[in-house]
Amino acid sequence: MEATNGAPQTKAGDWRSYERVLLPPVRDLHKIDVYEQHGGYEALREALTSDRWDPKSVTDEVKASGLRGRGGAGFPTGLKWSFMPPVDPDVPRFLCCNGDESEPGTFKDRQLMEYNPHLVFEGMLLACYAISAKAGYLYVRGEYADWISHMERELENAYAKGYVGENIMGSGFSCELIIHKGAGAYICGEESSLMESLEGKRAYPRIKPPFPAQRGIWGYPTTINNVETLACVPLILRRGGAWYAKIGAQRHPGPVLYGISGHVNRPGVYEYPTGMLISDLIYEVAGGMRGGKKLKAVVPGGSSTPILRADMIDGVTMDAETLRDAGSMMGTGGMLVMDEDTDIVSWLRRVTHFYHHESCGQCTPCREGAGWLENIVTRIDEGEGRLRDLDLLIDLCSQMEGRTVCALADAAAWPVRYTVTRFRDEFEARCRPSLVAAG
Amino acid sequence: MADFIKHPEVPLPDLDPAPSFSEEELVFTEEERAQIAEYVRRYPTADGAVMRALWLAQEKFGFLPPEVIRLVAETLGIPYAQAYGVATFYTQYYKQKKGRYVLDVCTSFSCQLCGGYDMLHYLEEQLGIQKGETTEDGLFTLQEVECLGACGSAPMLQVTNGPYVFNLTPEKLDALLEDLRAGKMPAFTSVTLPQDEDEMGGNRRSDAPQSAVYETPPVARTLE
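For the protein sequence lines, the chains are Z and A, in the order given. Just so you know, we're using my numbering here: the first sequence kicks off at 1 and counts up by one. Just so you know, we're using my numbering here: the second sequence kicks off at 440 and counts up by one.
Isolated chain A, as found in the complex:
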């Protein structure tokens, strides 16, 4: 047999990993089951609700190891293989345990040209880790991600699939890390349209926790 078949370059994933959650932990509460049932009602078949149910499971368990995916599949009454296939297709579902805060720094397209990598490298220095790694205290995971759809506010990042932080600077990142260490998530930021600045004197929303404007992007020092 050819060597490359016996020794594949890509290591196979552990097909039977030790479970991260015990049988007792692996249950949905009545409320969660009701919520999932509500998701199912939105689609002609239960399959459609799998993405919402996986989101719910990830919020509860923090990540999606095989036993959690199996729980979701059993709750929905769909094949485990299908739920596993969905969970492994989308990047926002975490298959491994992450830090308490996941910092997704955009370095794609516009952000690359406007300092995305400068911010990523600054965070690598500050946290003492490389992209893709988690700090030893389990607090931060740093990731490089593809376009998050906030190109006019480059450079930017997203915290744990939640709030966006726009127009990053090293000072802003220092403040963000300090807040997160104190358990404070950044508030939702409404970005004022330039035409709103001119025609309405600022943000059009009176109910946004905070607002920002589009700023001239910084000069990128590195593009990789």
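The following block holds chain Z by itself, in its conformation from the complex:
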């Protein structure tokens, strides 16, 4: 696609000499004094005390950086902040940081929360300043109990040093940060259900509009950003939006924590610029395929992003535009790599089980549809499927996509739609032989 002289082109530049900024190689960076020694909370001090910065110029700098949300949708962060209504002193405003991280294949935010929690806090405080919020909630999935206590310890240290709380660094700006512990529900990663959960309700997503900026938690203006997104903000203020905009792919810039899992020699979380070639990530970064096997498929950004066959990744880089053109999405950057021996039908069966289990049950197309997707894929996996089941699956997907309050139905339908169309021969081969010919 982007081939020049036959060689695929990365958009990540000279990524082999890339120096990490989200997780720089600094021992004990999670400790507040080490974080301070490496420029920590300087961006906050600048923003709160220097004449150069006010909430609008902070937002403008983030806009100039081109930062796009890292939680899956890739929405421009500065633009989202500017959706907040004008400040009314009588109306509280809130920030939510989404650390629910439960999209299968995604395991990056947990490492950021463990190794650089103060960067997350500083990002939250800067965002609160930019949107004039007096409180920021960090929603972390309940399974991360050990990381929640780790962050609570560090947050106490930040309070003790006066970086959080009343009159921060004498600037007159006050802001509370609160860590909220979830209790196991994939749906809480969806922003409106996260808000319901924060309010102490069953986490049923809300109909939009009104959007969170109009009516968020407790009905007040709210902005919701992912953990990794907010962690980029102090870096942008420290080094400038122009610096950030030059990292990686032009239209989707910045550092990304790629979480690579599956059949590779060296899985893990890696920090590199956006626009990395998928082939570089698999063969150079993650040490190649396990056991020298051939690549069969890649799911580039978490379980709901459409699967790509090995022959579809030539020249494809990890940024929103290129992946869209290639027929998939950037998602969370949590990449699953599958080798040639992978049973794609059994894999899809487990994926459909996940969405059936996690559907909150509020909307009929999702609650019933996700169950039927699982039933039908299971039937095919067990050799009892009929050829027409494949078209039935696609039809079912069409009945689910875009017909529910939130995007979970879409997230459940896409893996089915694209796995069935892109690996149709394998699904056909699994259908009952006597019925294949007859259709």
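Hints listed in this document are in silico derivations from the structure and should not be mistaken for laboratory results. Don't take each hint at face value.
What the hints assert, rightly or not - Quick list of in silico lysine-lysine cross-link-like pairs, DSS-like style, CA-CA up to 27 Å:
hint : chain 1 : residue 1 : chain 2 : residue 2
1    : A       : LYS499    : A       : LYS623
2    : Z       : LYS181    : Z       : LYS208
3    : Z       : LYS134    : Z       : LYS161
4    : A       : LYS534    : A       : LYS499
5    : A       : LYS537    : A       : LYS623
6    : Z       : LYS201    : A       : LYS623
7    : A       : LYS570    : A       : LYS534
8    : A       : LYS623    : Z       : LYS63
9    : Z       : LYS201    : Z       : LYS31
10   : A       : LYS534    : Z       : LYS181
11   : Z       : LYS63     : Z       : LYS201
12   : A       : LYS536    : A       : LYS570
13   : A       : LYS536    : A       : LYS623
14   : A       : LYS623    : A       : LYS570
15   : A       : LYS537    : Z       : LYS181
16   : Z       : LYS161    : Z       : LYS181
17   : A       : LYS536    : A       : LYS499
18   : A       : LYS499    : Z       : LYS181
19   : Z       : LYS201    : A       : LYS534
20   : A       : LYS623    : Z       : LYS181
21   : A       : LYS570    : A       : LYS499
22   : A       : LYS499    : Z       : LYS201
23   : A       : LYS537    : Z       : LYS201
Chain A: place on chain Z using the hints.
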């Protein structure tokens, strides 16, 4: 009336189960009440504290039968129906009594393709129970769970909503069961980033109880 209405396929839950805790047991101590009051201060309304309060109650009572949920609701001053609704929505709140140790084996997505089911079945054999069941001695409950967010360390499990155990092997599971039988919970494990191995020669944390690295996942024998 249609038969299916008279005989629903799904058995209704026992609407009036015998209480698991006596009136005397059903109290929060002064300290616990103070802790709950501290949770309430974090939110504009008391509702927001319900999840933390349920967590506290589950740690105290082990699980959340209706009478414990009612206690939480009364302590917070919110409707019982709301607290019950929250307690039954989230998978980590236990509505039934579980074993002393709950082994949550991830078999979702990456873990499925990297031996999650092999580990689940190994535990089923070793414990003599099926997933979802509790051993007769009340020590272990085995559960199959959805993605726990440790896909690079597959296969993995979580012990009773607490520590993660990464890169499972049958030997590692044997050792884990032995430790748990002796009352020893696994220590928190910090997983070293591959780039930290290359650039820093190992884990970046000097205060982690133990550390591990990302390993090449095993070949899965079964996917279900």
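How the hints compare with the structure:
1. Our distance criterion of 27 Å between C-alpha atoms is met by LYS499 of chain A and LYS623 of chain A, whose separation comes to about 19 Å.
2. Among the hinted pairs, LYS181 of chain Z with LYS208 of chain Z is consistent with the structure: their alpha-carbon atoms are about 25 Å apart, no more than 27 Å.
3. In summary, the hint linking LYS134 of chain Z to LYS161 of chain Z is supported, as the alpha carbons are separated by about 18 Å, within the 27 Å threshold.
4. Taken as a hint, the LYS534 of chain A and LYS499 of chain A pair is honoured in the structure, with Cα atoms around 14 Å apart against an allowance of 27 Å.
5. Annotation: proposed proximity of LYS537 of chain A to LYS623 of chain A holds, straight-line Cα distance about 18 Å (limit 27 Å).
6. For a cut-off of 27 Å, the pair hint linking LYS201 of chain Z to LYS623 of chain A is broken: about 36 Å separates their Cα positions.
7. A hinted pair counts as satisfied when its Cα atoms are at most 27 Å apart, and LYS570 of chain A with LYS534 of chain A qualifies at roughly 17 Å.
8. Restraint check for LYS623 of chain A and LYS63 of chain Z: not satisfied, since their Cα atoms lie roughly 51 Å apart, outside the 27 Å limit.
9. In summary, the hint linking LYS201 of chain Z to LYS31 of chain Z is not supported, as the alpha carbons are separated by about 35 Å, beyond the 27 Å threshold.
10. Distance check on the hinted pair: LYS534 of chain A and LYS181 of chain Z sit about 18 Å apart at the alpha-carbon level, within 27 Å; holds.
11. Taking the CA atoms of LYS63 of chain Z and LYS201 of chain Z, the gap is about 34 Å. The hint is violated against a cut of 27 Å.
12. Proposed proximity of LYS536 of chain A and LYS570 of chain A is supported: the alpha carbons are some 15 Å apart, at most 27 Å.
13. Straight-line distance between C-alpha atoms of LYS536 of chain A and LYS623 of chain A comes to about 21 Å, which keeps the hinted pair within the 27 Å bound.
14. Restraint check: the Cα-Cα separation between LYS623 of chain A and LYS570 of chain A comes to about 23 Å, which is no more than 27 Å; the hinted pair holds.
15. Note on LYS537 of chain A and LYS181 of chain Z: the hinted pairing holds, with a Cα-Cα distance of about 21 Å set against a maximum of 27 Å.
16. A hinted pair counts as satisfied when its Cα atoms are at most 27 Å apart, and LYS161 of chain Z with LYS181 of chain Z qualifies at roughly 24 Å.
17. Taking the CA atoms of LYS536 of chain A and LYS499 of chain A, the gap is near 13 Å; set against the 27 Å cutoff, the hint holds.
18. A distance of roughly 17 Å separates the Cα atoms of LYS499 of chain A and LYS181 of chain Z; the hinted pair therefore holds under the 27 Å criterion.
19. For the proposed pair LYS201 of chain Z and LYS534 of chain A, the alpha carbon gap of about 17 Å is at most 27 Å, so the pair holds.
20. Taking the CA atoms of LYS623 of chain A and LYS181 of chain Z, the gap is about 25 Å. The hint holds against a cut of 27 Å.
21. Distance check on the hinted pair: LYS570 of chain A and LYS499 of chain A sit about 25 Å apart at the alpha-carbon level, within 27 Å; holds.
22. Between LYS499 of chain A and LYS201 of chain Z, the direct Cα distance comes to roughly 22 Å. Compliance with the 27 Å bound is thereby established for this hinted pair.
23. Our distance criterion of 27 Å between C-alpha atoms is met by LYS537 of chain A and LYS201 of chain Z, whose separation comes to about 25 Å.
Consistency note: the structure conflicts with the earlier hints numbered 6, 8, 9, 11.
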